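Participant: Could you put the whole structure together from the sequences, leaning on the hints where they help?
Chains A and B supply the protein sequences, listed in that same order.
Going by the working numbering, the residue at position 223 of the first sequence is 223; the numbering climbs one at a time, nothing skipped.
Going by the working numbering, the residue at position 33 of the second sequence is 33; the numbering climbs one at a time, nothing skipped.
It is worth saying that the hints were derived from the structure and are not from the lab.
Mixed in with the good hints, there may be bad ones.
A pair holds if it fits inside one copy or across any two, identical chains being indistinguishable in the list.
With a cut-off of at most 20 Å between alpha-carbon atoms, the simulated EDC-like pairs for lysine to aspartate or glutamate come out as follows [stated by the list, open to error]:
id	residue 1	residue 2
1	Lys195	Asp18
2	Lys128	Glu223
3	Lys195	Asp47
4	Lys19	Glu108
5	Lys201	Glu223
6	Lys213	Asp85
7	Lys255	Asp294
8	Lys201	Asp85
9	Lys213	Glu224
10	Lys19	Asp47
Since we're looking at a predicted model, the values are computed, not measured.
Protein chains: 2
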Amino acid sequence: MVGTVAFDAIETPFGKTDKIIGGSASYITMAASYFHNCQYLVSVVGDDFPRSMISRFQESGIDTKGLQIKAGEKSFFWSGRYHNDMNSRDTLMTDLNVLASFDPIIPESYRYASYLMLGNVDPSLQLKVLDQMAKRPRLVMMDTMNFWMDIALESLTEVLKRVDVLTINDEEARQLSGDYSLVRASRRILEMGPKYLIIKKGEHGALLFHEDKVFFAPALPLEEVFDPTGAGDSFAGGIMGYIAHSGDLTFSNMKRAIIYGSAMASFTVEKFGLQRLLELSRPEINHRINEFIDLVQFDISLS
Amino acid sequence: MVGTVAFDAIETPFGKTDKIIGGSASYITMAASYFHNCQYLVSVVGDDFPRSMISRFQESGIDTKGLQIKAGEKSFFWSGRYHNDMNSRDTLMTDLNVLASFDPIIPESYRYASYLMLGNVDPSLQLKVLDQMAKRPRLVMMDTMNFWMDIALESLTEVLKRVDVLTINDEEARQLSGDYSLVRASRRILEMGPKYLIIKKGEHGALLFHEDKVFFAPALPLEEVFDPTGAGDSFAGGIMGYIAHSGDLTFSNMKRAIIYGSAMASFTVEKFGLQRLLELSRPEINHRINEFIDLVQFDISLS
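Facilitator: Here's what the structure looks like:
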């Protein structure tokens with residue numbers, strides 16, 4: 001897992017936080033840890049980052065040899081405020097700090113990893129990571145965003161050729177393909193390299209495209225979305241964790257993985273930040289998976 | 001079925017129509033006719049309405065004794081223009097014409113109907129219809145919209161107490177309940193009378209709430225939405241037709257009905273107006289139902 005480990009400060013209609021732990025890699029590895037107990041973390045923090053959280057990663061089976069700690073520097077910090085509908089937010093502050101000069105170095109022992117998750121960072125860094133792998137992983141999944149489409153489309157296009165799974169949201173799929181129809185957009189994007197495209201639609205669920213097939217995973221209708229931060233990353237973490245655990249790269253298993261990812265995202269939004277992801281139990285996850293089964297299960301036999 | 005039979009003129013990014021046949025009752029009865037071959041239509045048109053369409057209704061098993069034809073008057077006319085995203089539209093013209101003085105008269109032979117669909121008309125007219133029934137139908141389904149919540153909330157509330165199923169969209173559910181969360185909104189609305197609440201989310205599918213249960217029916221991801229007019233009505237028609245055909249009012253069967261309704265809506269948007277609904281075949285419907293099954297089917301066995 002390569003991505004950010006950071007501080008966030010979040011305001012929602014329900015309250016606000018001080019600096020809490022955030023970053024894509026934090027959500028992704030913690031969500032994945034419920035399925036797979038051997039992960040490698042590549043990221044960078046300042047020496048303001050709490051040792052206790054690093055220990056917490058380790059307790060969850062996350063190797064932190066690849067987590068660079070920059071003495072005298074500060075960790076990446078983001079703060080944002082969500083609007084009442086929880087679907088839009090304003091960024092109040094972005095302090096790149098250590099991230100400005102992040103050079104991902106993959107420790108020797110990581111270079112044979114079978115599953116590689118490229119979090120949402122500069123595509124040129126994602127390329128650097130791919131180039132350091134000693135062998136092509138069985139599966140490479142990549143997250144990105146509109147920002148990189150705006151300013152780094154060329155290197156983004158290079159990364160796309162070398163990944164198996166791309167996760168983006170619906171607006172980003174439209175921007176990347178230049179097509180409003182998600183069905184046509186998915187065809188164009190699959191021609192750019194990935195074998196699987198996952199289009200995230202937030203509270204409206206997610207679509208998985210592969211060859212000429214499509215699968216829809218719903219979001220669980222929740223009484224309250226408390227804090228949407230990290231939902232997309234927890235979704236990706238659940239997917240990667242489930243795939244790494246099962247070792248099965250078929251379309252059927254990818255569908256299962258996306259349901260597990262959706263379940264992890266549904267937990268994350270129930271509390272501020274990482275809080276809910278740090279306290280989950282296996283029975284809770286199974287119970288939630290059953291809720292997803294009930295949510296979409298119907299029985300039609302065509303005569 | 002009580003609702004409008006009308007003329008529409010529609011502009012979409014793909015083209016525009018002259019006056020074509022529209023109206024909620026046209027879509028609902030035609031969609032339902034693929035499942036149930038004995039329907040009663042209560043509506044009003046002017047003598048400008050084509051006899052050929054009335055014959056077409058009759059050929060589809062729709063009794064038109066309750067369709068009032070007002071000599072020397074004009075049919076209800078609506079024209080609208082869809083924006084590029086197909087999710088929003090501007091109304092260009094609304095000529096109520098015969099609808100302004102519509103007084104729904106239920107023919108004697110209709111008054112024992114087992115299934116009653118109250119289309120989106122003035123709630124005071126919906127009440128008049130209910131009052132004319134000789135016995136309480138097994139199932140009453142009602143459609144309405146924000147407009148009636150704004151100007152006729154009191155009579156709308158009266159109708160709600162006397163129906164089994166309410167269909168509205170997500171924004172209308174929020175307005176009617178005063179709650180942004182659809183889960184909480186559904187609880188409040190179910191307390192107002194209906195046993196089932198169906199919340200339509202357009203391209204994002206639909207939610208069915210009943211007691212403490214929830215079911216999600218996806219919309220089929222389409223390459224092109226050609227004309228969204230009548231999608232919600234075709235959805236309702238598919239549901240009512242399927243229920244009347246099966247006679248089964250259980251939650252499991254309501255789930256099936258909503259999948260059939262979603263399939264009918266997915267056809268309607270493929271061409272302008274009623275066109276697609278007039279030319280469907282049973283194998284096409286079965287094929288589409290299979291696409292819905294494939295779209296959401298996954299296989300997780302929890303150990």
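Participant: Regarding Lys213 and Glu224, is the shortest C-alpha distance of 20 Å or less found within a copy, between copies, in both, or in neither?
Facilitator: between (33 Å within a copy, 17 Å between copies)
Participant: Go through the copies and call it for Lys195 and Asp47: within, between, both or neither, with a Cα cutoff of 20 Å.
Facilitator: neither (39 Å within a copy, 58 Å between copies)
Participant: How do Lys201 and Glu223 come out at 20 Å by Cα distance, when the copy is not named: within, between, both, or neither?
Facilitator: Classified as both: same-chain Cα gap 18 Å, cross-chain 17 Å, threshold 20 Å.
Participant: When no copy is specified for Lys128 and Glu223, does a C-alpha distance of 20 Å or less occur within a copy, between copies, both, or neither?
Facilitator: The answer is neither: 42 Å in one copy and 36 Å across copies each exceed 20 Å.
Participant: Could you figure out if Lys195 and Asp18 sit no more than 20 Å apart (CA to CA) within one copy, between two copies, both or neither?
Facilitator: neither (41 Å within a copy, 44 Å between copies)
Participant: Can you tell me if Lys19 and Glu108 fall within 20 Å by alpha carbon in one copy, between copies, both or neither?
Facilitator: Neither, since 33 Å and 71 Å both go past 20 Å.
Participant: I want to check one pair: Lys19 and Asp47. Are their C-alpha atoms no more than 20 Å apart within a copy, between two copies, both, or neither?
Facilitator: within (15 Å within a copy, 71 Å between copies)
Participant: Is it within, between, both, or neither for Lys213 and Asp85, if the alpha carbons may be no more than 20 Å apart?
Facilitator: neither (32 Å within a copy, 24 Å between copies)
Participant: Is it within a copy, between copies, both, or neither that the alpha carbon of Lys201 lies no farther than 20 Å from that of Asp85?
Facilitator: both (14 Å within a copy, 16 Å between copies)
Participant: At most 20 Å between CA atoms: does that hold for Lys255 and Asp294 within a copy, between copies, both, or neither?
Facilitator: both (16 Å within a copy, 11 Å between copies)
The structure shown violates the earlier hints numbered 1, 2, 3, 4 and 6.
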